[in-house]
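Enquirer: Please put together the full structure from these sequences, using the hints given.
One letter stands for each residue in the lines below.
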Amino acid sequence: MRRKSQWIVYYIAVFLLGIPMIYPVLWLIGSSFKEHAEIFANIGSIIPNKFTIENYIEGWKGFGNVSFATFFRNSFIIAGIGTIGTVISSALVAYGFARIPFKGRSFWFAVMMMTLMLPAQVQIIPQYIMFNRLNWINTFYPLIIPRFFSGVFFIFLIMQFIRGLPIDLDESAEIDGAGRFKIFWWIILPLIKPALITTTLFSFYWTWDDFLGPLLYLNQATLYPVSLALKNFADPTAVTNWGAVFAMSVLSLIPVFLIFVFFQKYLVEGIATTGMKG
Amino acid sequence: MSKRERYNNITGYIFISPWLIGFFVFTFFPIIASFILAFTKYDILTPPRWIAFDNWLRMLSDERYLHSLKATFYYVFTAVPLRLVFALLVALLLRPTTRLTSLFRGIYYLPSLIGGSVAIAIIWRQIFGLDGLTNFLLHLVGIKGPNWLGNPSTAIWTLIVLAAWQFGSSMLIFLAGLKQIPGSLYEAASIDGASIWSQFIKITLPMLSPVILFNLIIQIINGFMVFTQAYIVTSGGPLDTTLFYALYVYQRAFQNLEMGYASAMAWILLIIIAFFTILAFKSSRLWVYYESEGIG
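Note that the protein sequences, when read in sequence, are chains A and B. Mapping of the first sequence onto the working numbering: residues 1 to 278, in sequence order. Mapping of the second sequence onto the working numbering: residues 1 to 296, in sequence order.
No wet-lab data here; the hints were simulated from the structure. Any given hint could be a false lead.
Derived lysine-lysine pairs resembling PhoX-like cross-links, with alpha carbons at most 25 Å apart [stated by the list, open to error]:
{"no.": "1", "chain 1": "B", "residue 1": "Lys-202", "chain 2": "B", "residue 2": "Lys-144"}
{"no.": "2", "chain 1": "A", "residue 1": "Lys-265", "chain 2": "B", "residue 2": "Lys-179"}
{"no.": "3", "chain 1": "A", "residue 1": "Lys-193", "chain 2": "A", "residue 2": "Lys-103"}
{"no.": "4", "chain 1": "A", "residue 1": "Lys-50", "chain 2": "A", "residue 2": "Lys-61"}
{"no.": "5", "chain 1": "B", "residue 1": "Lys-202", "chain 2": "B", "residue 2": "Lys-179"}
{"no.": "6", "chain 1": "A", "residue 1": "Lys-182", "chain 2": "A", "residue 2": "Lys-193"}
{"no.": "7", "chain 1": "A", "residue 1": "Lys-193", "chain 2": "A", "residue 2": "Lys-265"}
{"no.": "8", "chain 1": "A", "residue 1": "Lys-103", "chain 2": "B", "residue 2": "Lys-3"}
{"no.": "9", "chain 1": "B", "residue 1": "Lys-3", "chain 2": "A", "residue 2": "Lys-182"}
Expert: Right, here's the structure in full:
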């Protein structure tokens, strides 16, 4: 009996400590369905007294004659194309580092790992000058093109996965006369699917959340992704329609929520193997 | 060079070429350019002008720069330990596997997943607003809450709480580390009559220390680079008390168009981060346990 009561105490403790973790999120969702007057009058409650979707209708209209349909489309374009580029290029590089004993491999690998320590601030100013010269300001190029040159965290993640595959696979394929590219395409790629899924999820989610990039390179509302649009939507210098801001905030989190609900296993594995910021 | 070696070299560089090209174009040359810019005055519109060490000396007398250093250090040295302590405590709590473990793990991880978003930063401004959620909850227990975001001594804490709230990914790394500790160590210890506390000090902490080091380094690096939350929640105010380093670099570079000065500041940030990363590694000899040494 004592063990059972210990478990009950345990569950209650874990549950109570979990409340501050989840309360702000539930509160945000609940408030987005409240009427204007109720948002502040009934501020603490999660469940609206009177349920309305008015905030969503108002919020969706956006600002400056640009609706959130445009902002979501922009976000999907930037995150979608960028993610495809990241996954393909990172898989190629990971295979090169993990399986091919070329000259200078350990040197370049060390250089790559060191770049993780570099603050973005050292790179963004010259990058901005470069993209500015190329006339890429107010285009998606500065946000998409660099993604086609792989990401270090993802290379590392996929490498760890490739290292776990038996080397006999490569060797027996080589004896059968297959070249590196055939081995990569036909043997390795199908086997590293879980790592590719993890890369896809994180890459998409990071690009979706990215704020600094759009802030630097986009200054026309028609080009804004959701992150930048939300910031402007909740401009503290103007009167903020909190109901609409809450509603659009909820919508902006939906893709991330979906990844969380359906692919949690991949996220957890990705973080546990590489320490990626989740 | 044998034919085989040549084949390996050629294919090797072809496979890593996306990273290698990207490294030179987006990292290596920008860093060199940034270093050179740091000795110039450059506003993008007119050509850069060489001013030698003026940018570097200017930092010493720039009061706002010193404020930003202070705010950043204060933030990093409170938010990072808090986040790691929470992460470790909750990881220990969630260590026993039960039917609800994955649900609980999800709940504790969720803030980490969404906490970096613009949406949460905006909500934070409401939560800590004068008539926001926090003050309402305090009012329920009879406390009149302060103006969190407007008060120089409390504003930075709204950001520290936001950071500590997102301990989820560190927690997952700790959980993975805890799983690696062989259960036999604890069994042997409890046969010898070791208490839970001494098991924690003598087994869990040493066995987990490499993971703690890893988490510490990642969090320090991330902590020094925090931008979005400060930009949205407090905009650096009040009185520059939340003017984080990355935010000040952004303001100088892109709002005042002082690209040279901002580059010099960015280089100092690089040196600061490198210093603390190396310090963490060096100090690890004193407190990180590697299995070959044996538990003393």
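Enquirer: Does each hint fit the structure? Answer for all of them.
Expert: Comparing the hints with the structure gives:
1. Lys-202/B to Lys-144/B: Cα-Cα ~45 Å, so violated.
2. Lys-265/A to Lys-179/B: This hinted pair holds, its Cα atoms lying about 16 Å apart.
3. Lys-193/A to Lys-103/A: Cα-Cα ~28 Å, so violated.
4. Lys-50/A to Lys-61/A: holds (22 Å)
5. Lys-202/B to Lys-179/B: holds (17 Å)
6. Lys-182/A to Lys-193/A: Holds, because 17 Å separates the two Cα atoms, which is no more than 25 Å.
7. Lys-193/A to Lys-265/A: The given pair, whose Cα atoms are some 14 Å apart, holds under the 25 Å limit.
8. Lys-103/A to Lys-3/B: holds (14 Å)
9. Lys-3/B to Lys-182/A: holds (19 Å)
In summary, the structure is inconsistent with hints 1 and 3 from the numbered list given earlier, while agreeing with the others.
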